[in-house]
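S.K.: Each chain, letter by letter, is given below.
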Amino acid sequence: MTTEAVRIEGLHKRFDELEVLKGIDLTVAEHEVICLIGASGSGKSTLLRCINLLEPIDAGRITVLGQEITAQGVDVNAIRRQIGIVFQSFNLFPHMTVLRNVTLAPVKVLSLSQADAESRARELLERFGLADKADEYPDRLSGGQQQRVAIVRALAMQPDIMLLDEVTSALDPELVAEVLDVIRELAAGGMTMLIATHEMGFARDIASRVCFLDEGVILEDGPPQQIFNDPKEDRTRRFLQRIVDAGRL
Amino acid sequence: MGTPPELHQYQPGDPRLPEGRPTSKLLAPLRAEGGKSVAVAMVSTIVFFVVLGLIVVNSPGWAEVKQAFFSRSQFRESLPGIARAFLVNVRLFMISEVLILVLALVIAVMRSLPGPVFFPIRLLAVFYTDLFRGIPTILVIYMLGFGAPALGIQGVPTSPFFWGVVSLVLVYSAYVAEVYRAGIESVHGSQVAAARSLGLSRGQSMRYVILPQAVRRVIPPLLNDFIGLQKDTVLVSLIGVVEAFRTAGIDSAATFNFTPYVALAVVYLVITVPMTRFVDAMVARDRKRRQAGGVG
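Which chain is which? The protein sequence lines are U and X, in order.
Sequential numbering from 1 applies to the first sequence in my numbering.
Sequential numbering from 1 applies to the second sequence in my numbering.
Just chain X, with the same shape it has in the complex (with noise of 0.2 Å):
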């Protein structure tokens, strides 16, 4: 029984691959295909960049670039205290996460809920996702953390790395929802009736035959949101929150020189890049789980 298509438009790789290769070993199809495809995809990779770097390295532009965008004494000097800003980053994200993952699961629950006299309720969760969804993450971002605490409402935290966690998780919600809800969706109804005949209630059934199986299968997509919402924390610096790309902004003015953004960019890399592989890895382990087991 295989996953409906709204969970593969989350995994990276082309999930479609023939026979599930895992798409976390880049090289394993042509390993498949003998030493000889290996070769030729190092040859080719090289040449590529070889090329590549020389058209960069002999543009007209390349001297103030490299000194705008590549320096090396600013890369020194700037990324410790980037990398100490970019702790803002992380805490902006580990507490939207979390709530993320609550508010998204009422939200998705919500959505499901059947029958009619549950209509007011499921209306309210379609607005919700269609509205947060519709919305630039950066206007939610502006209107949240300028508009609220204009209102001065007494009690009303004014504080932007307040607004900035609210609006993230408003945002990140309605798809965290989404993914939620297909993961629902996936689970066949033959368990639903199981758990039913059983006498179990509907809120039973959900608690504990549906989500335990619809969250299992959307752990890779939901932490592929979860990078996503990693990146998107710098956007909350343009309502005053000082965290790593304000930090880097601060920075750059002082020199006249880019490279502290570029110093951010390794901080980022550092951080997504096993993610991303790690994600891959569990999409593979996954199928392949899924393919031997014959679990749908």
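If we strip away everything but chain U, and leave its shape as in the complex, we get (with noise of 0.2 Å):
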């Protein structure tokens, strides 16, 4: 029983005069974990972005279980509300205490009580080893705990679909295992998610799809085991090369 949870079609994003996204096509079933790989510049934030109508798209469509959310006159913030999105830089709301940052959406969007919002984010926040921290401003946080708040905070709006958007790469090496753990986690509980990052070990271990973009296009789709293992394409397997030479695989 796989239903679609996101299907893109012919998706171009250009800004200006640089073509980011030239056609891109994917389907994601629910449950599915996907793994977007490639080099910087090569689309994959962009991607996401899109898919959170964070960026107008140029042309093609975007469907979220079964809604068109590309359409003309859809209420974006509805939309949103389904799709969370955790972002490289953290993005959390330096004057905020974390548990203003993940109670906020809910109060103001799903209309919850205080009180039922800040239940459910101590709730999320003792779940992911964080319940010390909910009176703490973020820029007291280390960088790998200010990421899992990130998590919470769009959690908390019990999405239906969650894009994490190279969430590690703004870390120092020894914080990117309890985030990539974190993200284990959803992927068990059957959390739908879009991923793009550089952490090949961990795209392996948790994809059941990569998909390698490369300037602007999906070049190449399919299981870990067969992209890593025995890539079709010429220029996936120099990506991968230049992974394995600069001994991050």
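Honestly, I wouldn't trust all of these hints.
To give a feel for the contact side, a few chain U residues facing chain X, derived at Cβ under 8 Å [to be verified]:
(1) ARG81
(2) ALA105
(3) LYS108
(4) VAL109
Covered stretches of chain U, going by a simulated chain X footprint (3 or more residues, C-beta under 8 Å) [what the hints assert, rightly or not]:
(5) 71-80
(6) 87-99
(7) 151-158
These aren't lab readings, by the way, just hints derived from the structure by calculation.
All values derive from a computational prediction rather than experimental measurement.
Beta carbons are placed, not taken as given, at the ideal position from N, Cα and C, and that holds for glycine.
Given two chains presented individually in distinct reference frames, assemble the corresponding complex, making use of the accompanying hints.
M.R.: As structure tokens, this is what we get:
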């Protein structure tokens, strides 16, 4: 019983002269974990931002849980409630405590009472080992803790799909594992996820499918064993070789 | 993540001092260089002021100037009345400040509205700030203070105090709106992205995420503008508000002595010097906090 969570058809996106996405087609089933790999500038982040409607698209269609979100006159805010996104640079609100960061949207957008939102937030913080940080301000936390808070903040909206945009790239190496563990737990819980990542080992472990993006198109798409061990495309092979040479796989 | 350059122009002292030395501590850079520098600074300061004092005191007109500007008896006589009249200035700027904070925020938010739909509103905001930053305050006060009551429209107040407040609010809101705007623009776009991605509307993002951060950052330049406003309240005397400057003028005309103006200057310094020191200290504290916390 696989239902379709996300369907992307013929997606094009350009920034002025630069065409970043040149026709992306991708279908994601519910509970699937898709890892997007590829060099910097290949369009991974842009693709995720388009799915969250943070970037207007130039051509194509994106359908989320049966609703075309790129149609005219859709309720953008309602769509974003279903899709959580976590950014490379955390983007926590620095003037609010962790608890306020996590409860703001549930209270203002979902109209939860402050008490309900707080108990839900504390539950999530507890689950990800952040219970004692609820009343701290973000700049008192380590990068790994901040990123976990950002994930909790997105989860507090109870999204159906999570988009993770290179969430470990800004972290010191020793802090990467704690964030990856959180993502593993989400995957185990059946969360549908699209993950742009440079952590190839992690992608190999967690992904149900890996997409290799190159110059704005999905050049190759398959199960991780196939992509990492037996890539069909020459460019995929060269990309992975560079990663191996750099000691990252 | 730094603040944009627009914010710096309001900061007293040089905000681009290396290693973010607190500007409020005048002697701090010297202390860092050791006791000898402090001694040299003291000696050169004393020499400078002694020489300057000698030049003034030995000038041919000193006797008359001393009598006209620094008459002790005249000072004692004028000060209480001027201090009392100064309360009118206090009322002027207190009322104006509150209104300015609100109006300027509205204009700044208007100017920050994105998209083609809001173009006319943005245009209006730009026109407003251009207009009132471009005209000398005194002209606005004259035109409104004399012009508006002369229209004789029923229900329109004729009190010079009222039109004085209106003029100051109009002019200063243009400046303060720009300060707010610099603050709004200094909040990184990723904050908006984070807020919108959680499903917050544009307005909610502005209200809960952008403005609280923006306002916090612009408090020091805001206070600076308010010090300017406090001084500019004397301008409304020209449309007939009897406040401290006017009172000093009346005293001065009655005695052919300028000491009342000096008395007013002293009153002003008592208010503004502690305030500027306070602002400097805030700027320094803010910078220190930002360097320590790295909040961008």
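S.K.: A separate judgement is required for each hint: does it hold in the structure or not?
M.R.: Checked hints:
1. Below 8 Å, beta-carbon pairs count as interface contacts, and U/ARG81 has one with chain X at about 4 Å; its hint therefore holds.
2. Because the closest C-beta pair between U/ALA105 and chain X is about 4 Å apart, less than 8 Å, the hint holds.
3. For U/LYS108, the interface hint holds, since its Cβ comes within 8 Å of a Cβ in chain X; the closest pair sits about 5 Å apart.
4. Evaluation of the U/VAL109 hint against chain X yields a held restraint, the C-beta minimum of about 4 Å falling below 8 Å.
5. Using a Cβ-Cβ cut-off of 8 Å, 3 residues of the region 71-80 of chain U lie near chain X, which meets the minimum of three, so the contact claim holds.
6. Residues of the region 87-99 of chain U lying with their CB closer than 8 Å to a CB of chain X number 7, which satisfies the three-residue condition for coverage.
7. For a cut-off of 8 Å, the count of residues in the region 151-158 of chain U with a CB near a CB of chain X stands at 3, and the three-residue condition holds.
Of the numbered hints given earlier, the model fails none.
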